[in-house]
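Undergrad: Chains as they are written, first to last, in the working numbering: chain A, 47 to 475; chain B, 251 to 673.
One thing to keep in mind: the hints can contain errors.
Computed cross-link-like contacts, BS3-like style, restricted to lysine-lysine with a CA-CA straight-line distance of at most 27 Å [as the list claims (entries may be wrong)]:
(1) A:Lys324 / B:Lys346
(2) A:Lys230 / B:Lys571
(3) B:Lys269 / B:Lys465
(4) A:Lys418 / B:Lys269
(5) A:Lys418 / B:Lys328
(6) B:Lys346 / A:Lys418
(7) A:Lys230 / B:Lys544
(8) B:Lys269 / A:Lys78
(9) A:Lys408 / B:Lys354
(10) B:Lys655 / B:Lys588
(11) A:Lys56 / B:Lys266
(12) A:Lys183 / B:Lys665
(13) B:Lys252 / A:Lys78
To be clear, the hints were calculated from the coordinates, so they are not data collected in a lab. Bear in mind that the values here come from a model prediction, so they are computed numbers and not experimental data.
Below, each chain spelled out in residue letters.
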Amino acid sequence: MKFTAVENTKIGEKYLYGKHKSGLDVYIIPKKGFSKYYAIYGTRYGSINQTFKSKDMEEFITVPDGVAHFLEHKLFEEPDGTNAFDKFAGTGASSNAFTSFDITAYLFTCTDKFYENLDILLSFVNSPYFTDENVSKEQGIIGQEIKMYEDEPSWRVFFNMLGAMYHNNPVKIDIAGTVESISKITPEVLYTCYKTFYNPSNMVLTLVGDIDEKRIEEYLDKYVKEENNLGEVDKRYEAEPRERVKEIVEQSLSVSQPLFSIGFKETEPMATGRELYKREIVTSILAELLFGSSSEFYMSLYSEGLIDSSFSSECELKPHYGFSAVSGESSKPREVYSRVLKYIDEVKNSDLIKEEDVLRIKKLFIGRNLRKYNNVENIGNDVISRFMCGINPLEYSDIISEITLDDIKERLSKHFDTSNSVLSIVNPA
Amino acid sequence: MKTYNIEKGVDVRVIKAEKFKTNLITMYMAFDVSRENITKAAVLSQVLTRGTEKYKTLTEISKREEELYGATVRCEIKRKGETQVFGISIGFPSEKFLDENINKDILELLYEVVFCPLTENGGFVSEYVNQEKENVKNYIASIINDKRTYAKIKCLEHMFSGEIYGVSEYGYIEDLPSINEKNLYEFYKEMINNSKIDVFVSGNFDEEEIVADIKTDLLSKVGARNADYKKCEISKKTEEKNIVEEMDVSQSKLCLGLKTNISMFDDEYYALKLCNSILGGSPFSKLFNNVREKLSLAYYVSSSLIGSKGVMLISSGIETKNYEMAYNEIFVQLENIKNGVIDDFEITSAVKYIRTGLNSVKDSLKGIEDYMYSGLVLGKLETVDELLSRLERVTKEEIINAAKKIELDTVYFLKGVECAEEV
Numbered sequence: 047m048k049f050t051a052v053e054n055t056k057i058g059e060k061y062l063y064g065k066h067k068s069g070l071d072v073y074i075i076p077k078k079g080f081s082k083y084y085a086i087y088g089t090r091y092g093s094i095n096q097t098f099k100s101k102d103m104e105e106f107i108t109v110p111d112g113v114a115h116f117l118e119h120k121l122f123e124e125p126d127g128t129n130a131f132d133k134f135a136g137t138g139a140s141s142n143a144f145t146s147f148d149i150t151a152y153l154f155t156c157t158d159k160f161y162e163n164l165d166i167l168l169s170f171v172n173s174p175y176f177t178d179e180n181v182s183k184e185q186g187i188i189g190q191e192i193k194m195y196e197d198e199p200s201w202r203v204f205f206n207m208l209g210a211m212y213h214n215n216p217v218k219i220d221i222a223g224t225v226e227s228i229s230k231i232t233p234e235v236l237y238t239c240y241k242t243f244y245n246p247s248n249m250v251l252t253l254v255g256d257i258d259e260k261r262i263e264e265y266l267d268k269y270v271k272e273e274n275n276l277g278e279v280d281k282r283y284e285a286e287p288r289e290r291v292k293e294i295v296e297q298s299l300s301v302s303q304p305l306f307s308i309g310f311k312e313t314e315p316m317a318t319g320r321e322l323y324k325r326e327i328v329t330s331i332l333a334e335l336l337f338g339s340s341s342e343f344y345m346s347l348y349s350e351g352l353i354d355s356s357f358s359s360e361c362e363l364k365p366h367y368g369f370s371a372v373s374g375e376s377s378k379p380r381e382v383y384s385r386v387l388k389y390i391d392e393v394k395n396s397d398l399i400k401e402e403d404v405l406r407i408k409k410l411f412i413g414r415n416l417r418k419y420n421n422v423e424n425i426g427n428d429v430i431s432r433f434m435c436g437i438n439p440l441e442y443s444d445i446i447s448e449i450t451l452d453d454i455k456e457r458l459s460k461h462f463d464t465s466n467s468v469l470s471i472v473n474p475a
Numbered sequence: 251m252k253t254y255n256i257e258k259g260v261d262v263r264v265i266k267a268e269k270f271k272t273n274l275i276t277m278y279m280a281f282d283v284s285r286e287n288i289t290k291a292a293v294l295s296q297v298l299t300r301g302t303e304k305y306k307t308l309t310e311i312s313k314r315e316e317e318l319y320g321a322t323v324r325c326e327i328k329r330k331g332e333t334q335v336f337g338i339s340i341g342f343p344s345e346k347f348l349d350e351n352i353n354k355d356i357l358e359l360l361y362e363v364v365f366c367p368l369t370e371n372g373g374f375v376s377e378y379v380n381q382e383k384e385n386v387k388n389y390i391a392s393i394i395n396d397k398r399t400y401a402k403i404k405c406l407e408h409m410f411s412g413e414i415y416g417v418s419e420y421g422y423i424e425d426l427p428s429i430n431e432k433n434l435y436e437f438y439k440e441m442i443n444n445s446k447i448d449v450f451v452s453g454n455f456d457e458e459e460i461v462a463d464i465k466t467d468l469l470s471k472v473g474a475r476n477a478d479y480k481k482c483e484i485s486k487k488t489e490e491k492n493i494v495e496e497m498d499v500s501q502s503k504l505c506l507g508l509k510t511n512i513s514m515f516d517d518e519y520y521a522l523k524l525c526n527s528i529l530g531g532s533p534f535s536k537l538f539n540n541v542r543e544k545l546s547l548a549y550y551v552s553s554s555l556i557g558s559k560g561v562m563l564i565s566s567g568i569e570t571k572n573y574e575m576a577y578n579e580i581f582v583q584l585e586n587i588k589n590g591v592i593d594d595f596e597i598t599s600a601v602k603y604i605r606t607g608l609n610s611v612k613d614s615l616k617g618i619e620d621y622m623y624s625g626l627v628l629g630k631l632e633t634v635d636e637l638l639s640r641l642e643r644v645t646k647e648e649i650i651n652a653a654k655k656i657e658l659d660t661v662y663f664l665k666g667v668e669c670a671e672e673v
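Please work from the sequences and hints to get the whole structure.
TA: This is the structure we're talking about:
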């Protein structure tokens, strides 16, 4: 197994890339001097992948909401009745997993016995064990997880926003599903999804730390099998209209004051790779210019008591969905919303964004990118999701330097469409 | 960590760490926990980053931070035993990854925020103070939004009622009206002039140069003071408290407060740490494996220690109807430890789990700084290796004995109002 190195000397970081014969992509980010090692083993499979067809299936199938997340829980269970946590307990590693819209990933952090831990990780992810009994037990645990999120105002305000934005895109569905949808999950459903999405071609292994790349192949050979390689999965997404579903959505929960999320749906044709990366960075710079704490807009709303330091913006662009959100807490969320829309239209029709502001925000982003490389978990989590979209994360600083004021103005006119925006509010009960 | 004493009660502590891309400088001021100070400290932590003599507005400070590659000036209030800590920090990229030198400008910005807040008529700017009082009020009120944290806070509040440690870390809404630009400024002066000061410098620097710069560029106005951290004693059980609060939520929260009768200065503390890890402080714990995995009663159930006060907290999210089952199972597991139902594997796993956590501290500037500063304030500066070697020597008998000293003190139940029947 051959590894090739890609380097960014300016920030002093590099990665090694190799493809295992099973089809699995492996990335190693060498970090010397750190106590910790981090491994994250992920599949391009999340809550949005409900309708799909693999090479050995005749027809497309659709599975219940919440299967990807359910699978994540169940893979920790071992055929001998123990769970993977017990195995990691023997080495002292700390292990976990997460499911997002488009990724399910299994990970561990350790300070020694890295290769032993890698063995455990590859072993448990590659040995599914689902029975009627263990599925039914998990329905109880996940049921409690779902209930916990039902009470979580920041989670609710976010998902309600997506619901107002999207008609068909499954990104609007809660990652864990509902108590009702997970009751339909059976061992058969889990095995079908497992075989399809946990095939080596659909997965990526990322290792961070002082790692000897020559030792990796023997562990892969042991657990990641060529015969399980089903190639690329045919994932189907229903066409999504350009328009929002509805403008305003509200819910009541026991909170002290209203929470809000203002959303802008990405309606440009989706991109991948470097183009997608650049578009996301341009949008994030733009959102920072418009709504960041150094903007005049932020200052005026702050002084008027309409927002507080919880006011922030985020941007998530992926190959199959994308949005920006401006969120926070306010006693008058509707007023914040109308001020945001009015302000965006004003900026569009003026020269309020200056070259010097762009330069300053670029410096901010350069600093933030450097900070990310302080922490092995942050590095692993960021780069695995980038690699999965065909992005080289070490290109970040190059992309930053090529972004122009015109790029930003173009994004402003295309992305921040004030006639297609949504407002989600969680009100005090 | 190397210490440079600048004046009586004023020290600079340098932690060299070359592997990071960023550096961190924090000026800590320590004072005794008190109801009188805590709300003022909360407001002050917001006011200081509103404007300085040179950077008069939030916008100007933010712009300056951005120019310095996303340097972040933050005020934070932390509780270490019965010492309240006010920290002002600045995190910033290491010059070797940038096209320009920024260290001098970084110290200037920190100096501005700490020593040159914007004032008018001998007090802070009243507009800033009033706005931040409102923000603090909203923040305190918003604690209820996160039910898991809320339940823990309420449990601790009842557990420590009448004790100094029971003073809320976040301040009190009802104490806000009496705070104004004048008395807040007095509080600030008092803190700057009389509290114990520690300046931590962590990262990649020329040590002599940075200490000299800190002395001249940051601490030029700081004089000697008679100040120290406050020592604290553990909390003992008085009477058992049982509190039920009803709320319209999907999931109920059960939070148990226990008194361990073991302080972090006792030899038995190491056994208690392992006992906690085995009971509920790890993903292979008895609570996780039984309350969650076996009985399917909770998504989260865990235990944690407050070493300085000799307290253990057990927290979980459950169905209202499962209250008794969850409560009983938690005590079955604690009783198991008391009765010696402990596998050797659990003990060695607990040591390894804690070791990984402690070694991980070395991979974060904030982590190293906080570990060292906590040790100084609490009066037990033990290296990670010393701590680990003590843990490795703990026997099963010692864990059993530590567990036997644990007694229930407070039961707090955030009771979800029953929803309609599920289909």
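Undergrad: Given the hint that Lys230 (chain A) pairs with Lys544 (chain B), does the C-alpha gap stay at or below 27 Å?
TA: Given that 27 Å is the threshold and the Cα spacing comes to 21 Å, the pair holds.
Undergrad: Taken at face value, is the distance from the CA of Lys418 (chain A) to the CA of Lys346 (chain B) at most 27 Å?
TA: holds, 16 Å
Undergrad: For a C-alpha distance cap of 27 Å, please report whether Lys418 (chain A) and Lys328 (chain B) respect it.
TA: holds, 25 Å
Undergrad: Mind checking the alpha carbons of Lys183 (chain A) and Lys665 (chain B) for me, to see if they're no more than 27 Å apart?
TA: holds, 24 Å
Undergrad: Checking one constraint from the list: CA of Lys56 (chain A) to CA of Lys266 (chain B), max 27 Å. Satisfied?
TA: Roughly 22 Å between the alpha carbons, so the hint for Lys56 (chain A) and Lys266 (chain B) holds.
Undergrad: Need the status of pair Lys655 (chain B), Lys588 (chain B): alpha-carbon distance at most 27 Å?
TA: holds, 9 Å
Undergrad: When you check the alpha-carbon spacing of Lys408 (chain A) and Lys354 (chain B), does it fall within 27 Å?
TA: Measuring from Cα to Cα gives roughly 21 Å; hence the hint holds.
Undergrad: Can the restraint linking Lys230 (chain A) and Lys571 (chain B) be considered satisfied, given a maximum Cα separation of 27 Å?
TA: Roughly 24 Å separates the two Cα atoms, so the pair holds.
Undergrad: Assess, step by step, whether the Cα of Lys418 (chain A) is no farther than 27 Å from the Cα of Lys269 (chain B), and give holds or violated.
TA: holds, 13 Å
Undergrad: Checking one constraint from the list: CA of Lys269 (chain B) to CA of Lys465 (chain B), max 27 Å. Satisfied?
TA: Within the cut-off at roughly 25 Å; holds.
Undergrad: Within 27 Å, alpha carbon to alpha carbon, are Lys269 (chain B) and Lys78 (chain A)?
TA: holds, 8 Å
Undergrad: Holds or violated: Lys252 (chain B) with Lys78 (chain A), Cα cutoff 27 Å?
TA: Measuring from Cα to Cα gives roughly 24 Å; hence the hint holds.
Violation of the numbered hints given earlier is absent; every hint is satisfied by the structure.
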